[in-house]
Each structure stands twice: as structure tokens, then as C-alpha cells.
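Novice: Start from the sequences, fold in the hints, and give me the full structure.
Going down the list, the sequences are from chains A and B. The first sequence: position 145 = 145 (the numbering used here), numbered continuously. The second sequence: position 19 = 1019 (the numbering used here), numbered continuously.
Hints in this document: simulated from the structure, not taken from any laboratory. Note that CB positions come from ideal geometry on N, CA and C, so glycine has one too. Treat each hint with caution, since some may be false.
What the hints assert, rightly or not - Here are a few chain B residues that face chain A, going by a calculated C-beta distance under 7 Å: (1) R1055; (2) Q1061; (3) S1306.
Stated by the list, open to error - Computed from the model, here is a short list of chain A residues facing chain B with C-beta under 7 Å: (4) A45; (5) K55; (6) S57; (7) P78; (8) V86; (9) T87; (10) N93; (11) T97; (12) G98; (13) W208.
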Amino acid sequence: MRLRSTIGYFCTALAFGLAAAPTARASVLDDVKQRGVLNCATGDAIPGFSYLNPKTSKMEGLDVDLCRATAAAVLGDPDKVHFVIVTGKSRFNTVTTGQADVGFFSTTVYPVRESAIAVDFLPINFYDAGGFMVKASTGVETVKDLAGGTICTTQGTATEVALANLFKSQNITDIKVLTFDSADKVFAALGSGRCNAMATDKTALASWRGSSPKPDDYIILREGTGKSPFAGFVVANDSKWRNLLRWTVFGLFQAEEWGITTANLDEMKKSPDPVIRKFLGVEGGMGEDFHVSNSFMADMIKAVGNYGEMYDRSLGPKTPYYIDRTGTPNASWVNGGLLYSPPWE
Amino acid sequence: MIATLHSWARRNLFANLIDSILSILIVTALGWLLTVFLRWVIWDAYWQRIYESLRLFLVGQFPADQTWRAWVALALLCTAVGAVLLPWSRRLGVAIWLIACGAAVFVLVPPGLDRWGGLLLSIMLTVVVSTASLPLGILLAFGRSSRNPSLRACCTGYIEVMRSVPLILVVYWIWITVPLFMPEVSISSLARGMIGYTVFNAAYVAEYVRSGLQAVPRGQREAARSLGMSNWTISTEIVLPQALRVVQPALVGNVLDVFNGATLVFIIGLMDFLRAGQLILVDPAASSQTNEVYLFMFAVYFVIGSAITFGSRRMEAHMHRSTR
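Specialist: The structure is reproduced here in C-alpha cells:
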């Protein structure tokens, strides 16, 4: 009896041990190509970035388009993507355990995320920051103009800390800070004149402004607090996969710089510039070295356009979440922004 | 009729002075609240928001050209519920339940488990979890009352561990560990959520069933043994049917718990009914319709919850009738 149960326990332990033994994995790229579908981790509740639109039941936003762009570049078809919906808590686990091949989820690049969590970041694709929104009629242009007034924000957020730091560093003492428990109350207080400015992330400000009955009544100040650069992320230590995706994002920036759009793609293929011809895979190409089709950039641009087109679709002037790019870090470097691709020759 | 109403009111509402004052105050207050509420519901509320998001609420991202599958599944589920509620042979009822629920899952699977959402997900999760945790719970209950010490220790340990940790933790834990153990097989988040929830709920079912096992008089077992029945026959033919009859209402009540707890699967990125509502509200354009969205969700939860409670009461009534 005793011997039998000892053997039983031993077998159970062995089974667990075998199951837990790590298995060697090839590059994620090989998995994706074999599967024929890209598993892309993204969210469903961030309008403008990754949002399941209740009216259409379709995924939309900048992050969603980045997923589609990746699928187009790797597999040649933007629809060969499966969205793995993640939360702020599960996003990194999803990628490190291989349930998703890449994550685009308005994720801020922090050192600890690359040092302690086993992910590698892709190039930064959006620069967010804390910001201020005021009523246009007040004529306020900088934070200093708010002297003697009240700035409102939500309780317990990073913005509250950032405001305190800003006031300390700029030695501002005559601005009061008032906090509310939710953003809609802050916005209502701004509308009623109880607050002179509303402070939170610039992207959130833009969507509050955009959804108000008269967006032109409000302006978002150029000044900001803190830095919140968003980037995609992949599992760490897989250079083959990471490099391909890095250059995919760079390709979106480069296409905008050259003015290659979905509409003029076929024309641009006839360009005499040998670098553009190579970029689009007309003559030779760089895809082969990344183990994908030479036309990977052309496929991607055909499907989702360049970075500027993607931006306009999700955050452009025709959307409720309009955030002006000009003069911000989110402009291409040729227009004074920070979106810059290394050369492709 | 009027006279009856009159005498009823006299007896119950206006028996003496204090009763009369209280009745008038309460009836006035309730009437006022109801008017305010109804005026808002009929005139002020913006129900358009619910109407245009109805699809997301009901089926989430289920492909539009496959909606018929959801209707077929609904019909199958109604059949299943009807089969166990009607007072005919219990075995037949359970068989129809299993076949109909299995068919409902089968019909819904082709578009992909990850396309399930909204009320569809909440209901199917409830059906699958409460059906699957019953056999597991029965096994655990027998294990816990078994005479084999290692089996008993394992089952007791399992039940106690599951009952002392929160559901959200078990679901999240299964969701993370399953792909670590089986990296080659891709199992969708929903399937892992169902496994996690079943594993958790089985411990509760086991405790209900165990209480039923203990309620079966000792003499039943002894009498069966003296007739020369094997242990297996005694357990499956004598003890279990009597035990299940006792705990049936509690088990149906557990279905309600499963349905209400199903909202917690949002942690692994699934979109259940409640989360669909929250998703609608994150759009600043919809932020002024918070009341409409939550009232709608309240109504749906209330109707389904009441239906389950009603089913449980009906079963209880049958049981009393059959043991009388």
C-alpha cells in the first residue's frame, strides 16, 4: 500500500516536472509564418488607439492599425491578424508566454519594463504627455497665464504628481489644484468656469474636447508635463523578429517622409530613385534579408498607408479624437517632430 | 372586486392610525419616486445609445453574417432549460440538457471562440462552467468522503485551497500557466477562462454535493450492502441520486452565482456583458449616458437572475412533492 502510493506520488511529480520543462523555441517569425496569422496584443477600451467601436463592432485606432501594418508586412495581408485583447495587467505576460507575437497597447517605454520584464521595445510610435486644456475665450496661452487660477485634475493619477513637480521646478505658488474623482466631473467643472484649466494626458484631453458640443470653445496648451512615449513590444532576445518589426515601424515613418501613400503607391514604384525602388521591392529589396517578401513595405503601405495616413485615420481632424500633429513630437522629423527613420539605402 | 380590494386595504393598510399614516407616507413616497423614474425613462433618457450598441451588448464581435448561430444556440438553450424544468424523467431531462448544450456550443464554435462576447459570452460561460463543474464536483465530493487517506487528503486540500482564494486569481493563474505547460497548443483565452472557472466552481459544487451525501441516511448504504451490491453500484444507484435530489435547489442557486461571477473574466481580456457596457462608456461621447447603460444592464441581469431563481424554486417544489 505504502509503496504503491509512493510510486504514485513519484509519477505525479515526474509528470509535473516534464510538463514544466522548458522547450526550445525558434524565432517568433517562423511561428507566425507557419501559423499564417499574426497574434497581436492590443486593447479594446482606448478610443483613438485601440478601441472596439460599439456602433460597428470593429476594432479601430492607431495601435490596431499598427497590428494590421505588421500583419501586412510579415504575411502580406492586413486581415491576417488576430487581436488578443489584453489589459494593463496581462499585456506583458501575453507576449512573454507566446500567446501574442507583438503588443501594441499605448504602452509607455520605461527602463524597468526592459530590464525586469522580458520584453524588447520597438521604435516609439507616439509621444504622449500630460497637458492642459483651457476655454478659448480666456486667452490663456501658457501655464504661467493661469496665475491666480485653479487647475483641475483627477485624483491619484500621474498628472497630479506631475503638476506638483512642475510647480516646484518652476517655482509657481499662486495656482491652486483641485481634484475630482472622475474625468467627466473635471470636464464639467472646466465648462462651468469653476476651473481655469483641466490637466490630464493630452490624448485624453483631445477626446474630451472632440466629444464636447463645441470643440472650438476649448484649446489644448502646447506646454506639457512629463513624457509618455508609446511603443510596441516583443518578447526579449529574438533579434530576427524584433529587427523586422523595428524596420516595419521605421518604414511607416520613411514612407511618410518620401510621401508614399496608398493612393500614389503604384506611381512611386516607377520612381527613378533607386533607394525608393529598393524600398518598395521593385528592384531587389530588403525583405529577403529580413526573411519576408521583398515587397513587404509595398504590401504594408498598400494596406494601411504611411504613418501620417494611419495617424489621420485614428487621430486626425476628421475624428472625434483630433490631436494636432504640427509642431509636436508626433510630426515627422522633416517637419520638426521626432518621428525619424534611419536611412534605408 | 372593489369591495374585496376595499376590505383588503382596510385590513392591511389602514388598520389603525399609525398604520394609516405610515401607509399614506410610504405610498406617496413610492409613487413620487416611480413618477420621477418613469418620467426619466420615458422622456429624458437617451435610449438611442443602447439601441445602436445592442449588437455589442448581445454578441460582442460575433460576425454579423453568422448571427443565426446565436439564435439557434438560444433556441437550443431554451430546450435544455425546459427539459430539466419539466417534471418528467430526470435522466431524460439531463440527457436532453447535455445534448442541447453541447449542440449550442458546437453551433457557436465555427466563427472562433475569441469572437464570442457580450451576453452570449456570459450565458455560454455560465452554461459550460456549471455543467462541467457538476461531474468534477461529484468526484471531488466522493473523494473527500472516501476511506482512502491519500485520495481524501488530495480532494480536501484541493477544495480548501480553491475555496480560500478569489476566483479572479484562479482564472488569471490558469490563463497564464496553461500556455507555459503546453506552448505548442494554442488554447483561446475563453477556453482557458472556462477551465479556470470550472476548476474553481467545482470546489463549491463538491461542498454542496458532500452535504447531500451526508444527508443520505446511513441505513441506505448498509441495506444496499446487505443486498450484495458493489461499492460502485451503491454510490451511483443508491447514494448519489438521493444526495443530488437534496442539493438540487442549491446547485441551481450556484448557477446564479456562476452567472454573476462571470463578469470577473474581464481580467483575461474577455468581453462579457458588463464589460461591453463599460466599453461603450469609455467613449467620451457616451459619457453622459451612464445611467441609461447601467439601467439597461441592471434590467438584463435582473431578468436573467430572476429566471434562474424561479427555476430553482420550481425544482424545489417538485422535490417536495416527490418526497411527500
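Novice: Does each hint fit the structure? Answer for all of them.
Specialist: Against the structure, the hints come out as follows:
The beta carbon of B/R1055 is positioned within 7 Å of a beta carbon in chain A (closest approach about 6 Å), and the interface hint is therefore held. For B/Q1061, the suggested interface contact is upheld, since its CB lies about 5 Å from the closest CB of chain A, less than 7 Å. With a least beta-carbon distance of about 27 Å to chain A, the hint placing B/S1306 at the interface is violated under the 7 Å criterion. A least Cβ separation of about 5 Å between A/A45 and chain B falls short of the 7 Å threshold, and the interface hint therefore holds.
Restraint check, A/K55 versus chain B: the minimum CB separation of about 5 Å is within 7 Å; hint holds. The restraint placing A/S57 at the interface with chain B holds, with a minimum CB-CB distance near 5 Å, inside the 7 Å limit. Checking A/P78 against chain B by beta carbon gives a least distance of about 17 Å; that is not within 7 Å, so the hint is violated. Taking 7 Å as the C-beta contact cut-off toward chain B, the hint placing A/V86 at the interface holds, the least distance being around 5 Å.
Against a cut-off of 7 Å between C-beta atoms, the interface hint on A/T87 holds, since the closest Cβ of chain B lies about 6 Å away. For A/N93, the interface hint holds, since its Cβ comes within 7 Å of a Cβ in chain B; the closest pair sits about 6 Å apart. Because the closest C-beta pair between A/T97 and chain B is about 5 Å apart, less than 7 Å, the hint holds. Of the supplied interface hints, the one on A/G98 holds, with its beta-carbon coming within about 6 Å of a beta-carbon of chain B, less than 7 Å.
For A/W208, the suggested interface contact is upheld, since its CB lies about 5 Å from the closest CB of chain B, less than 7 Å.
Figure legend: structure checked against the earlier numbered hints; hints not met, in rising order: 3 and 7.
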